[in-house]
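**Student:** Letter by letter, the sequence shown follows residues 1 to 515 of our numbering.
To be clear, the hints were calculated from the coordinates, so they are not data collected in a lab.
Every clue listed holds true.
Lysine-lysine pairs mimicking DSSO-like chemistry, simulated, CA-CA at most 30 Å apart:
#: 1; residue 1: Lys186; residue 2: Lys93
#: 2; residue 1: Lys332; residue 2: Lys416
#: 3; residue 1: Lys416; residue 2: Lys93
#: 4; residue 1: Lys164; residue 2: Lys186
#: 5; residue 1: Lys355; residue 2: Lys93
#: 6; residue 1: Lys186; residue 2: Lys416
#: 7; residue 1: Lys394; residue 2: Lys416
#: 8; residue 1: Lys416; residue 2: Lys164
#: 9; residue 1: Lys53; residue 2: Lys401
#: 10; residue 1: Lys401; residue 2: Lys93
Quick list of simulated restraints, FRET-style, between CB atoms:
#: 11; residue 1: Arg340; residue 2: Ala147; range: 47 to 57 Å
#: 12; residue 1: Pro222; residue 2: Lys164; range: 29 to 39 Å
#: 13; residue 1: Arg340; residue 2: Thr449; range: 39 to 49 Å
#: 14; residue 1: Thr449; residue 2: Gly179; range: 58 to 68 Å
Owing to the predicted nature of the structure, the values given are computational and were not obtained by experimental measurement.
Glycine is no exception: its CB is placed at the ideal position from the N, C-alpha and C atoms.
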Amino acid sequence: MKHLLLSLSLTFAGSSWAQEVAEVADASDATEATDGVEALVQMVGDLDWTSLKSKATSSQWEAAASELVDHLKSNPRDPRAWTILGDALHQGKLPYAAMVAWSRAASLSPSEASASYPELLAASETFGEELWVGEYVGEDFGVDMDAETRSKAAYQAARYHFSKENWGTALGVLFLVDGKSTVATKGLILQGITFAQQSRYDEALPLLLAAEAKLRSDNADPHEINALQLNIARTQYAADNLSEAAQRYTEVERGDSYWPTAQFEKAWAHFAAKDYGDALGTLQTHHSAFFSDWYFPEAELLRAQSLFVMCKFPSATEAIDTFQAAYTPVSKDLAGQLARMNASEVYADVAAYSKGESHQISERMLRRYQWDDRFTGSVAALDQAEAELATLAKSSGSWSKPVADMLEARANARRKAEGQRIKDSLAYHRAELDDMLRGIELTRVDLLTLEAKLYEQAAAGVKISDEERKTQFRNIRKSGKRVWPFEGETWADELGWYRVVTKPECPQSLTGLGG
Numbered sequence: 001m002k003h004l005l006l007s008l009s010l011t012f013a014g015s016s017w018a019q020e021v022a023e024v025a026d027a028s029d030a031t032e033a034t035d036g037v038e039a040l041v042q043m044v045g046d047l048d049w050t051s052l053k054s055k056a057t058s059s060q061w062e063a064a065a066s067e068l069v070d071h072l073k074s075n076p077r078d079p080r081a082w083t084i085l086g087d088a089l090h091q092g093k094l095p096y097a098a099m100v101a102w103s104r105a106a107s108l109s110p111s112e113a114s115a116s117y118p119e120l121l122a123a124s125e126t127f128g129e130e131l132w133v134g135e136y137v138g139e140d141f142g143v144d145m146d147a148e149t150r151s152k153a154a155y156q157a158a159r160y161h162f163s164k165e166n167w168g169t170a171l172g173v174l175f176l177v178d179g180k181s182t183v184a185t186k187g188l189i190l191q192g193i194t195f196a197q198q199s200r201y202d203e204a205l206p207l208l209l210a211a212e213a214k215l216r217s218d219n220a221d222p223h224e225i226n227a228l229q230l231n232i233a234r235t236q237y238a239a240d241n242l243s244e245a246a247q248r249y250t251e252v253e254r255g256d257s258y259w260p261t262a263q264f265e266k267a268w269a270h271f272a273a274k275d276y277g278d279a280l281g282t283l284q285t286h287h288s289a290f291f292s293d294w295y296f297p298e299a300e301l302l303r304a305q306s307l308f309v310m311c312k313f314p315s316a317t318e319a320i321d322t323f324q325a326a327y328t329p330v331s332k333d334l335a336g337q338l339a340r341m342n343a344s345e346v347y348a349d350v351a352a353y354s355k356g357e358s359h360q361i362s363e364r365m366l367r368r369y370q371w372d373d374r375f376t377g378s379v380a381a382l383d384q385a386e387a388e389l390a391t392l393a394k395s396s397g398s399w400s401k402p403v404a405d406m407l408e409a410r411a412n413a414r415r416k417a418e419g420q421r422i423k424d425s426l427a428y429h430r431a432e433l434d435d436m437l438r439g440i441e442l443t444r445v446d447l448l449t450l451e452a453k454l455y456e457q458a459a460a461g462v463k464i465s466d467e468e469r470k471t472q473f474r475n476i477r478k479s480g481k482r483v484w485p486f487e488g489e490t491w492a493d494e495l496g497w498y499r500v501v502t503k504p505e506c507p508q509s510l511t512g513l514g515g
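All chains, please: the whole structure from these sequences, using the hints.
**Tutor:** Here it is in structure tokens:
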């Protein structure tokens, strides 16, 4: 996804401070050259750095912040000043603002900023800024860091390169993650997924399975284990290990937010294996009333296609009609919403939905963001930024307004980038949906053509009448069994367990499926 640059109008507009603040906000896409930084630091030696460092980590942190802000107005590329300013803001319980200052220092001089790396990396993890910070901390691994800090820096740098699809660089950096680090298991997972992105499934699966074993032995968060199960299933599917993939999808717990997606992808695994009955049974979950306002257009398409290849033409036609009726309005509404809203407005709309407030974009399209870790992390982080901005607004110190401008610049950049990510995703889904709606008409033509050919060969399947069904039910009851034929009702605790016992109605000579 492309990050948009942010134009700022600040108190010091036109000054070097304002320029640097804007660069802090935009830094996720551009790494500035740092040649000459050390020489610059030597030229501005008029500050008592030892005294400033002491003040920054004590009750005098505001005095240090004022002195540093004044210094940075004329010396905005001084990494030492940014580092100590971060220390002061951290002491003042402004962790997001501190992270922004430390990140600026790291972008200018990793060696100068390395002392703050433990706090910087912890803050970036807390506020979901690993991709942003990862670019800087990955610039130089030769700086002084302990093993744990180096491992965390390597992991965040790998995440940054992964987001840019720099697969080779991501894998290379991940080798710096120590096996005893607290991020070792996350590193294994990212390494496995990176191999999978390169279609190196034989290398990916052992790493993912090893990570699974480690998570289970550590009694990790079940949601984290379910996420890994989903990735293992997808890797097995991509490797054409369809039965293993179906089993892995089944192991995603039904109470987890990943379960609906796992069920849908499990249906695809059954379909690819030509287990059409199991595919239809699995799709009953998404066809039920419980998921009527969820966005799973491919589920209806897959259902129609499964019925189509089994020559069950009336049912396939009904599924096509259901799909068109449900999703044609969705495409039209989404097109209008995306045309009206910019990236920041999209973010605000999704954030409002996540907090139970009124919103413009349909819930069908926004529901997934309730469980999108990146989005929920952004909401929490931006709420923290707003809280810090409120604190800064109450301060009378000369340092507070420039720091507030710096923090607001980063908050706006993140809000805009996150909104653009969601808008791009929604635009992609809308284009994909339009392709499906166009393609389904061709499927309808194919269906009619094949149906005509089938009738020409006099190979239509046998249909049991309602009276015959009732007779069969009475016979079963006489044997001591009670059977309730499925009439369309669906119980929540039955979702995920349905099977459709059926057979193709195609003549063997026509499709090879058997009659």
